[in-house]
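Below are the chains, spelled out letter by letter.
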Amino acid sequence: MTRTSTIGGPPLSSVAAARTARPFWRLHYSRRIQLVGVAFVLPTILFFVVFKYGPMVWAVELSFTSYDMVSTPRWTALENYRSLAVDPVFRESLWVTAVYIAGSTILITLVGLGLALAVNTAVPGARYCMGAMFLTNLMPVIAVCLVWRFLLHPYGLVNQLLAPLGVGRVDWLTDSRTAMPAIIVVTVWRFAPYFMMVFLAGLLAIPKDYYEAAHMDGAHALHRFRHITLPLLMPIIFFVIVVSALLSARIFLMPYIITGGGPGNATRVLSMLIYETGFSYMKMGRAAAISVVLFAIMMVFTFLQMRIFMKREQF
Amino acid sequence: MQLSRKIRFRPPRLRLVSRHWLGLALLLALTLAFIFPILWMLSTSFQAGEKMFQLTTEWIPSEWHPENYPNALSRAAFAQYFLNSGIVSVAVMVGNIVFGTLAGYGLAKFRFPGDRFVLLAILSTLMLPLEVTLVPTFLVVHHFGWLNTYQGIIGPLLIDAFGIFLMRQSILSIPSDYIEAARMDGAGELRILWQIIVPQCLPALAVLAIFSFRDSWDQFLWPLTIVSVDRMRTYPLGLVQFGEDYGNPPTEQMAIAVLATIPVFLLFWLLQRGVNRGFGLSGLK
Chain A
1 MTRTSTIGGP
11 PLSSVAAART
21 ARPFWRLHYS
31 RRIQLVGVAF
41 VLPTILFFVV
51 FKYGPMVWAV
61 ELSFTSYDMV
71 STPRWTALEN
81 YRSLAVDPVF
91 RESLWVTAVY
101 IAGSTILITL
111 VGLGLALAVN
121 TAVPGARYCM
131 GAMFLTNLMP
141 VIAVCLVWRF
151 LLHPYGLVNQ
161 LLAPLGVGRV
171 DWLTDSRTAM
181 PAIIVVTVWR
191 FAPYFMMVFL
201 AGLLAIPKDY
211 YEAAHMDGAH
221 ALHRFRHITL
231 PLLMPIIFFV
241 IVVSALLSAR
251 IFLMPYIITG
261 GGPGNATRVL
271 SMLIYETGFS
281 YMKMGRAAAI
291 SVVLFAIMMV
301 FTFLQMRIFM
311 KREQF
Chain B
1 MQLSRKIRFR
11 PPRLRLVSRH
21 WLGLALLLAL
31 TLAFIFPILW
41 MLSTSFQAGE
51 KMFQLTTEWI
61 PSEWHPENYP
71 NALSRAAFAQ
81 YFLNSGIVSV
91 AVMVGNIVFG
101 TLAGYGLAKF
111 RFPGDRFVLL
121 AILSTLMLPL
131 EVTLVPTFLV
141 VHHFGWLNTY
151 QGIIGPLLID
161 AFGIFLMRQS
171 ILSIPSDYIE
181 AARMDGAGEL
191 RILWQIIVPQ
201 CLPALAVLAI
211 FSFRDSWDQF
221 LWPLTIVSVD
231 RMRTYPLGLV
241 QFGEDYGNPP
251 TEQMAIAVLA
261 TIPVFLLFWL
271 LQRGVNRGFG
281 LSGLK
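Going down the list, the protein sequences come from chains A and B. According to the numbering used here, the first sequence is numbered sequentially starting from 1. According to the numbering used here, the second sequence is numbered sequentially starting from 1.
What the hints contain is simulated information worked out from the structure, not anything from laboratory work. Incorrect hints may appear among the rest.
Footprint (simulated), chain A over chain B, 3 or more residues, beta carbon under 8 angstroms [claimed, not checked]:
no. : stretch
1   : 21-30
2   : 37-43
3   : 106-119
4   : 130-136
5   : 259-265
From the three backbone atoms N, C-alpha and C, an ideal C-beta is built for every residue, glycine too.
Throw the hints in and build the complete structure from the sequences for me.
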């Protein structure tokens with residue numbers, strides 16, 4: 001059985017390369033274990049080469065061409081980027097995406113932290129409330145979008161609930177001032193309970209002694225929050241900010257279903273623009289150029305996340 | 001007298017009780033604010049069609065219309081759509097569990113040259129979601145001849161960095177001595193993985209199962225991009241098409257939405273114990 005073993009991998013080092021002449025089963029024990037580790041990781045790496053790194057390289061290449069899926073790609077150098085730079089639709093989309101990322105990230109972090117603090121009390125039934133709120137994170141996104149589209153309808157439940165407060169009929173989804181805030185509210189509704197769980201894990205990790213000691217010293221609840229909870233939770237807060245920014249930077253479905261990008265282009269985020277440019281207008285090169293821009297935005301947050309990760313790992 | 005007054009007005013106890021009630025009221029209000037759309041969905045799915053936008057919402061229907069469900073199902077091939085979504089989601093879940101465990105184990109317990117680079121390379125795929133690589137990924141799948149096929153929908157979703165990191169973090173906490181001891185006893189590498197590693201990271205596997213299932217069950221953009229025949233549609237595409245074809249019959253759309261919600265809630269309920277313990281393990285998402 002060992003004779004037909006095909007476990008391989010990239011040459012590990014010059015020493016290993018010199019030894020590959022020897023059959024696998026005669027390799028030194030520790031080398032053999034190294035190869036096993038490589039074999040476990042290799043399928044994933046190959047997968048990512050085919051479905052992640054490869055496509056991204058291809059996207060960069062395509063972004064310098066004009067390609068409609070019918071004729072062969074035509075090299076146009078920086079033409080896609082030049083026309084994007086002066087395209088009002090793209091510029092508005094960039095701005096809309098920035099507003100969406102900033103709005104959702106800030107609110108998800110604040111609401112998530114608030115929910116975690118509310119749930120992390122000795123109140124009976126807190127766990128059940130937590131579980132119930134978490135359901136919003138499990139409901140299919142398409143159901144979320146359809147439900148909220150009805151709730152935000154001019155005659156929908158949201159306006160009914162606000163009517164006693166003296167708020168007149170608001171056309172949430174067709175008014176360019178309220179459409180984006182409405183999408184942000186739905187996004188926060190969907191994701192805040194998830195980050196509530198993340199914050200809760202962080203809150204539970206803070207030693208109880210700190211609070212008891214502060215209590216002895218007569219610190220008020222607000223003081224305790226300001227001087228114990230907040231500083232110790234800072235790494236998690238930073239983490240949540242980065243992850244929710246990464247999350248909201250790529251959201252497609254919510255604006256696509258709830259407002260269809262409108263009114264006008266008020267909610268046409270970059271991911272929607274990529275889909276429409278590529279698959280409605282068949283401008284693959286131009287869509288690839290927008291992808292590169294979205295990639296650059298994602299890259300900023302990913303590097304921040306890598307920094308968090310490496311700090312924790314102490315590389 | 002003095003003493004008894006002191007006892008009667010012991011402030012902390014009184015405050016504690018009132019704070020509990022206040023806290024409970026606040027918590028219930030918050031919970032209600034978060035779950036009312038779910039309740040609305042459920043209630044609407046049983047309403048008569050014309051009652052949708054009444055000025056007051058009937059939370060408990062005065063007339064029940066359970067026929068919304070069979071009506072909705074019969075208007076489009078929803079059985080087929082749900083089957084397609086189910087096949088895709090189960091395949092993606094299994095793929096993430098298998099490859100996430102393999103790669104997570106490889107990265108957690110094996111040192112090989114470049115292992116840290118591989119770790120960061122996998123982390124870097126977080127900036128390459130399908131929304132970013134949509135056009136070239138479509139072209140790759142097109143070149144494979146996989147448009148309108150299950151393997152086409154499943155392919156790009158099969159492995160996700162989240163699962164690998166979740167499994168890696170979980171496996172890191174297993175003492176390496178166990179693995180060494182098993183190796184000394186002559187256990188094969190796959191047997192070590194199956195009999196020593198897997199039983200110890202069941203909470204992480206539960207988390208991975210529920211989230212990978214949910215994410216592929218939710219997936220919309222990718223099937224929208226590569227599926228153009230009705231037979232291969234997943235239920236989110238069917239639901240949107242249904243709304244366009246029949247002028248948004250909201251009660252029936254909500255019936256399908258309720259049906260689509262059930263599998264995820266059910267899976268969560270089944271795996272809940274594991275999920276509770278496994279939360280906060282990933283350190284990534």
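Among all the numbered hints in the text so far, which are the ones the structure does not match? Violated hints: none at all, because every hint is consistent with the structure.
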